[in-house]
Each structure stands twice: as structure tokens, then as C-alpha cells.
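Visitor: Since the structure of chain P is already known, use the hints to place chain X on it.
Chains as they are written, first to last, in my numbering: chain P, 18 to 425; chain X, 299 to 596.
Calculated directly from the structure, the hints in this document are not laboratory data.
All C-beta atoms in this analysis are idealised placements derived from N, C-alpha and C, irrespective of residue type, glycine included.
Hints may be right or wrong, so weigh each one.
To be verified - Cβ-to-Cβ under 8 Å is the rule here; a few derived chain X residues that face chain P: (1) N335; (2) M347; (3) V349; (4) Y369; (5) Y381; (6) F392; (7) F393; (8) A421; (9) R571; (10) V574; (11) F577; (12) M579.
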Amino acid sequence: MKSFLTVLEYELRAFLKNKVYLISTIIIGLIIVACLTVPAFLLNGSQTSGEETSSGPYDESTYVYIDKTGSLDTAMLESALPGSSWIEAKDEAELRTTVEQGTASAGLLVEDLEHYTYYVFNSSLFDSTEATFTSLLQSLHEMQWLEAHQIDPTDYADLNAFSVQATQVVLGKDGASNYVYTYILIFALYMVVLLYGQNIAVSIASEKSNRAIEILVTSASHYALIFGKVIAGALAGIIQFAILLALAGGTYALMDGYWNGALDFIFHIPANILGSFAIFGILGYLLYAFIFGMIGAMAQKSEDINASSTPISIIYIVSFVFVYMAMGSGDEVMLSIASYVPFTSFMGMFSRMAMVDVPLIEVLLSLVILIATTVGVGILASKIYRMGTLMYGNKITFKSMLKALKDQ
Amino acid sequence: MRLEVKDLHKSYSGNEVLHGISFQVESGRALGLLGRNGAGKTTTIRIIMNVFNKDSGSIEIDGKPFHVNEYKIGYLPEERGLYPKRTVMEQLVFFGCLRGMSKAQARSSAKYYLERLEIAEYANRKLETLSKGNQQKIQLAQTLITDPDLVIFDEPFSGLDPVNAKLLKDLVQECIEKGKLVIFSSHQMNYVEEFCEDVVIIHHGNIVLNGDLQAIKQDFGRGRLVLSTTVDDKIIAQLPGVKQIVPGKHELIIELEQGYEAQAFLETLVKQRIPVLRFGMYEPSLTEIFVEKAGDHA
Numbered sequence: 018m019k020s021f022l023t024v025l026e027y028e029l030r031a032f033l034k035n036k037v038y039l040i041s042t043i044i045i046g047l048i049i050v051a052c053l054t055v056p057a058f059l060l061n062g063s064q065t066s067g068e069e070t071s072s073g074p075y076d077e078s079t080y081v082y083i084d085k086t087g088s089l090d091t092a093m094l095e096s097a098l099p100g101s102s103w104i105e106a107k108d109e110a111e112l113r114t115t116v117e118q119g120t121a122s123a124g125l126l127v128e129d130l131e132h133y134t135y136y137v138f139n140s141s142l143f144d145s146t147e148a149t150f151t152s153l154l155q156s157l158h159e160m161q162w163l164e165a166h167q168i169d170p171t172d173y174a175d176l177n178a179f180s181v182q183a184t185q186v187v188l189g190k191d192g193a194s195n196y197v198y199t200y201i202l203i204f205a206l207y208m209v210v211l212l213y214g215q216n217i218a219v220s221i222a223s224e225k226s227n228r229a230i231e232i233l234v235t236s237a238s239h240y241a242l243i244f245g246k247v248i249a250g251a252l253a254g255i256i257q258f259a260i261l262l263a264l265a266g267g268t269y270a271l272m273d274g275y276w277n278g279a280l281d282f283i284f285h286i287p288a289n290i291l292g293s294f295a296i297f298g299i300l301g302y303l304l305y306a307f308i309f310g311m312i313g314a315m316a317q318k319s320e321d322i323n324a325s326s327t328p329i330s331i332i333y334i335v336s337f338v339f340v341y342m343a344m345g346s347g348d349e350v351m352l353s354i355a356s357y358v359p360f361t362s363f364m365g366m367f368s369r370m371a372m373v374d375v376p377l378i379e380v381l382l383s384l385v386i387l388i389a390t391t392v393g394v395g396i397l398a399s400k401i402y403r404m405g406t407l408m409y410g411n412k413i414t415f416k417s418m419l420k421a422l423k424d425q
Numbered sequence: 299m300r301l302e303v304k305d306l307h308k309s310y311s312g313n314e315v316l317h318g319i320s321f322q323v324e325s326g327r328a329l330g331l332l333g334r335n336g337a338g339k340t341t342t343i344r345i346i347m348n349v350f351n352k353d354s355g356s357i358e359i360d361g362k363p364f365h366v367n368e369y370k371i372g373y374l375p376e377e378r379g380l381y382p383k384r385t386v387m388e389q390l391v392f393f394g395c396l397r398g399m400s401k402a403q404a405r406s407s408a409k410y411y412l413e414r415l416e417i418a419e420y421a422n423r424k425l426e427t428l429s430k431g432n433q434q435k436i437q438l439a440q441t442l443i444t445d446p447d448l449v450i451f452d453e454p455f456s457g458l459d460p461v462n463a464k465l466l467k468d469l470v471q472e473c474i475e476k477g478k479l480v481i482f483s484s485h486q487m488n489y490v491e492e493f494c495e496d497v498v499i500i501h502h503g504n505i506v507l508n509g510d511l512q513a514i515k516q517d518f519g520r521g522r523l524v525l526s527t528t529v530d531d532k533i534i535a536q537l538p539g540v541k542q543i544v545p546g547k548h549e550l551i552i553e554l555e556q557g558y559e560a561q562a563f564l565e566t567l568v569k570q571r572i573p574v575l576r577f578g579m580y581e582p583s584l585t586e587i588f589v590e591k592a593g594d595h596a
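Chain P with its partners taken away, still in its complex shape:
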């Protein structure tokens, strides 16, 4: 036990003093704070000065148009898009030139009220002019139709204003609103396992390449060494995750007045879901950390880790996608399968708990399977760690490793 604690402390200290760890924690923390602060100020700013800024993004925008229907005129367009100015072109060539030279930010060639061509010099993802103009033509078309059918536009507006109000009472789990935070949690877990798994594998492989391993395995039991190393990696990940979670929660609490509870559905996660996330998440993390440890022990040098870890990374990504799809489709059979198979249950079970009611016995059964698998893989990893790290030179395959374990 003393050896285990010694290894744990030594390895944890290495993780916590690692520059990449410190810098990534600071950068991700700053991004979280920025994401929770800046939009809140922007939202608040747009709410308080709504009257002044209601003209939107069209301020000082100039457009050029050709109207073949005769239904439009410059005054109407300027009134429809407040703050904009409009130029009428004689033909399509003039319209194009005006846009190309930058005299107008966009051009519109209206064939009839159902068809028009939109000209823009550089298309932008955030350009809403086209949508606004479509809406304008739609309104003109509606007005003309109402007039032709002698219907009072006010009556039509009243009819459209009618809406049915529904109140939902969720007796089980509110899968729809739980979806977002569940997705965030499994995605965070996915990232943590991939990042720290790689770190653990590299750390073990480098002990092999710098030959420290021979002294290690003759100084302490291989169980103490690999369990200490893997759990140190797990703790480093948990510490980083907890810091970022606390930072996000704290920032949101401080900015709550600005957000007006808009993100409560993410931050007000039920305690039982957080608890199951912690238990299943940590066990799953350890399970994959041991597997990455095996990969590290089988690699000849740390540069080999990327190639060696590809198969397990693919298994892990497939597991993540499977759980994600099961969550998205709400397919209870898929979720049930994902919540029992140990390679997916650490994500699958708490996702399932967030989406539907799960009997306690099923949760415990899944937990027992996951614990047994993690311990089993941990023991196998520790044996491979000792053997693999002493096999220098030749390429080590899983088959040759099992053979060496038999020979040992």
C-alpha cells in the first residue's frame, strides 16, 4: 500500500506540474469564463437598448434592385428594411456591376413575387438579407391575395395570432431537457479519457524507453506501479474536470442575473445523475486507462503510442457514437445494451438514467459488471506492464505478450 501511495503521489505530482496540463486548464478555464460572460453581456445589452438597435444589421446598407413585377418601389423597400437605402438598376448588367464595385452590398432581381435572384459579392454564413427579402415578398404576395379575395388583413392577422397552449407534465424522466447536459457530460468524459489515456500510455512507454522500468519493477510490485500510475492519471483528470466544472458553475452563478436562467437546464443537473456520472465515469475512465497502460507497456517507445492506440481509440469512439445515437433516437433497447456492456456502460448507464427511469437492481448489476471488468483489466494490465516493459527490441504483439506471460 505504501508503494502504491508513493507511486500515486510521484505520478500525480508529475501530472500537476506538467506544463501542458497547467496551460490547458488555464486556457479551457478562460474559454469557459468567456463563453459564460461575453454572451450574457451581449444579451443584456441588446435587451436594454432594444429600441435603439432595432434597425438591426442593415444600418447604412445599400442594395440595388430590378423589379419586373412593378409591385415594388424604393420607398416601400426602405420602409421594409429600416436604415437601408435602395438603388434601382436599369438592367442586370448594371445590377451586377454595382454589387461587384461595392457600391451596394447585395442586389435583387425580382422576376415575379414567387421568383427572384439574389446577387452578393462574397457570401457569408451570417447574411440574413436573402431571408428578409423572401419574407418581404411573401408578405406582399399575401397582401395582394387578401385584397383579391376581399379579406380584411386585420382579421387574417387575428386568425394567425391564435395558438394552442399546452402544459406538459413529465411523470418519469424529462429526456428532452436532460439530453443537453447528458450529452455535455458524456462528451467531456470522452475527451478526458482520450487525452489522459494517451498521457498514461506515453508515460509508461517513456519509462520503458528511458529504462527506468527495470529499477521500478525490482523496487515495488507491478500492481502498485500500474495502479498508482493509472489512478494518478485519473485523479489528475478528475481534478482538472472538477476545477473547470466549478469554474463554469461559479461563473454562471455570478452571471445568473444576465442569463435569466437561460442555461439552468445545463447547470441544474440532478444529484443522482451527477452521482452516477461520477461513479460510472471514474470506473470507465479507469477501465480505458488500464487499456492505454497496456498499450504503453507494449510499445517500444513513446512515438509508437499513436499508432498502437488506434484500435482502442476506434473502439472507444464507436462506443461513444453508439451511446450518442441511442440517446438521440431514444431507443431503449440500444440504451439498455449500452448500459450493460462495460466498454459503453460508463457512458450508457448514466445517460439511460437521465433519459428514462432505470430500476436500481439494473444499475447495481451494470456497476458490478463494470467493477469486475475494470479490476480484471487492471490485473491483466499490471502483468503486461511488468512483462512488456522488460521486452526490449522486438515488436510486441498482444499474442506474443500472452505467450510471454505464460512463459514467465
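Guide: What follows is chain X alone, placed relative to chain P:
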């Protein structure tokens, strides 16, 4: 204390690499464990260190089964390795604690050895910033940090200049004088001859030589004489009793005929007024013995 290795057998994938290795090492008498590359030395050491399991055989200490975790062991492996990116003190304390010391004890012992090895100023430096020789000294400090009962040195002098080699020699000698069990594996025979009273030579997984080094040398001398003189070799070759002479750099190695005594030969030299600068029994070097026992023609 006496460590006895008895009839060790070890196979890898059906291929036996140790075919019954037996030897013993006693406190205060260092054992030189010799052999060519791949002979089985490291496998034997790893079995003693419980890194590998043996197929059969036993290891005993004072007649009782030897369990590696019940003793303080210092191991300087042939494959050197520590953590290049950690500080010297940090990793020495780590290895000390890993072998059962408290942090304070490990720190104090690390300080002692760093001072003793004249590298105390590097305590807070990262290992990778040190020269190869100083890194080798750190390895030695980690080997001795627990004041071990059994010390295994596998090629301890590689990478050391003569001044640092002297520091290491003093430490090895100190271990022997303190009555520790010392196993010394090296290809540098001069060091083995200097430290070891007993030697074991392993060849292709078999013990081909085992025993007191001095007795082995006498036995390998096979009654040959060494003579240093000013007269021509041909005159010596014609003296009565001389079977064969082998000219050396500064002396002749003389093999006498069966039954002809060294004393009688000396009297002949005196009678014939042949100047004698040096006369004695021939003692082969360990290198000669090693080549004979583990060379290509062995």
C-alpha cells in the same frame, strides 16, 4: 549471510536458456558473475530479483527461501534508466520511499550519497541536464540509497572516467567491507579481479567455472613458471626440464616437463649463471581464463 542459487532452470517459449545454474555468494566476499553477451547473466539476476519466475531450482539465504521483498536490495541494472525530466533529489527520494524508507530518511540518505559522489550541487537539477558520468553516479546513489543487504552491480563502471571510477571503487569496496552480499557483473576483468574473491562464469546458460579466484588462477597456471632474464630465449629453451616456452612482452612463460620441479629448474639457472630478474609461478589473468572458458573455442 550466504545467498545460494541452486540448479536454476529457465526456458522461453520452449527454449531453455539456463541449464541448472548454481553458485553462492557470502557476505564480505564479492562474487564476479561473468559471461559473454547472451550467456544468461541478466536472466539469472532477474530471477534473483524476482522479475522473472524460474522453471525450477531454488534461491536460499542462510538456508531459508529467499524472498526479495524481505531484504533491502540495491540493483544497478545494465540497462541504465531514471527519469530524465525529473530532478535528481525528487527521483532519489521516490526510489528510497518505494523501497520502504520514509521521506526524511530517503532525503537524508540521498544527500549523503550525492555529497559522497561529489554531485551535491546537482540535487535540484533535472537528470537530463547532467553529463553521462554524473547520471551514472545518480544511478549508483539510487542503488545504495537504502543501505542494502544485497547489492547487484551490473556493469557499474561503464561511462566513468578514471577519477569517477575511483569514487565508485571506494564505494564498492566499502560495501564489501561492510559485509554486504555483493554480486558484481562486468566485462572489465581488471575490476572483477580487484574486487571479487569468487567468480562464476556462465556460458550458454551453463556454469563453466565457479570458485575462489585465487585458487582458479593457480589451477590455470598448471605449474608453469614465469622468468624474466637478459639471456636469449633459445638458451633457456635448451635448458634441462624445459618442455615449452612462450615469449611474453617482458618475460617468458615456461612449461616444465612432467615431474620436473620449479626448485630444480631454479637451481639449474643459478648453476649456469643465468641472470634472473624475476622468477615465480605463472598466474594467468582473468581475461585469459575467461577466453579459455567462454571464448569461441570453449
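Visitor: Does each hint fit the structure? Answer for all of them.
Guide: Tested hints:
1. N335: violated, 13 Å
2. M347: At 5 Å from the nearest chain P Cβ, X/M347 passes the 8 Å test, so the hint holds.
3. V349: holds, 6 Å
4. Y369: Violated: closest Cβ of chain P sits about 12 Å from X/Y369, beyond 8 Å.
5. Y381: holds, 6 Å
6. F392: holds, 5 Å
7. F393: holds, 6 Å
8. A421: Check failed: Cβ of X/A421 comes no nearer than 17 Å to chain P, outside 8 Å.
9. R571: Hint on X/R571: violated, closest Cβ of chain P at ~63 Å, above 8 Å.
10. V574: violated, 53 Å
11. F577: violated, 50 Å
12. M579: violated, 43 Å
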